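**Q** Now for the letters of each chain:
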Amino acid sequence: MRRLDEPTIRPDGLQINENRAHQEKLWTIERVAWGAFIAITLAAALGTTGSGGLFAHRLAQMESGAVDLPRITRWQASDDMTVHFAAAGGERSLTLSTGFGQSFQLEAIQPRPESAQGIPEGQRLIFAAADGPFQVVIHLRAQSPGLARYSVRIDGGAPQDFTTFVLP
Amino acid sequence: MDSVLRGAAIYVVLLVILRLSGRRTTAQMTPFDLVLLLIVAETTQQALLGDDFSITNAVILIITLFSIDIVLSYVKQWSPRTGLLIDGTPTVLIHNGQPDVRALARARVSIEDVLATAREQQGLERLDQIKFAILEAGSGISVVPKA
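Top to bottom, those sequences are chains G and P. The numbering of the first sequence is the working numbering, which starts it at 1 and goes up by one. The numbering of the second sequence is the working numbering, which starts it at 1001 and goes up by one.
Because the hints were derived from the structure by calculation, they are not lab data. Check each hint, because a few of them may be wrong.
[To be verified] With a straight-line Cα cutoff of 30 Å, these simulated DSSO-like cross-link-like pairs (lysine-lysine) come out: (1) G:K25 with P:K1131; (2) P:K1131 with P:K1146; (3) P:K1076 with G:K25.
Computed from a prediction, not measured in an experiment: that's the story for all the values here.
Bound conformation, chain G alone:
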């Protein structure tokens, strides 16, 4: 029946389109959805939707240090990546592939690199370091939703590939 048609008059005199079977189904669906709401809330609290939480970041060990980077992040939201340089003095470098530059906007780097070089595989950030380990925090912002693929290299070590899922 189209919505412009008149509802039928029931034996009790009420002119109404009550579809109880449909409403019963809807009540059941609602209750399933409430379960899903709770599951999504718990999953988000654990970090599966990025922006902090147990699963939002991962720590990857590399030859000359380690990288703590987002496993899941959000489009146009700020996040950070921390590079832990193992103890060694002198000039240290961090190489980020072209894919990283295409996927993320670098908002700030602390401490600031002494210089940045454009190289065929992407960009190399050079840091002047005293003896002992130190860490560099890179504040970044994802530029588009989807899977971001990139590689990171610390000093002259082998580049390691990573993926970050960017939620819309």
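Chain G is fixed; fit chain P onto it per the hints.
**A** Frame of chain G, contents of chain P only:
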């Protein structure tokens, strides 16, 4: 394009979540529900606009939201199944003076809610003065008094 996609996505998300949350009547709203509603509005505003606060973006978003709403109202008129899915149907809570306990429980409406509406709408004093109480698809509880 981004503005239209954001507008459409937020419209659909809000429609689905509000529909599934099961809140059926504004009469049942507590002051805290109102505060929650304001928070939802503030949250969606940021998701809608992103970091583009231009008038162009705002105008496109407003037109997008109204357009979707108009199209959906026609779709609901022409397709009763879609209308059923989006708006639900009225539910008779009290039938010839007899409360439908299951319907009241599933719709999370108490006898007190019905009595409050009966007092406000019809000036009724007791449950036995109510012939029908109907939880309308979109506009709260309506009460028909016994003749």
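**Q** Are the hints correct? Go through all of them and say.
**A** Each hint, compared with the structure:
1. G:K25 with P:K1131: holds, 26 Å
2. P:K1131 with P:K1146: holds, 5 Å
3. P:K1076 with G:K25: holds, 19 Å
Violated hints for the displayed structure: none, as all numbered hints are satisfied.
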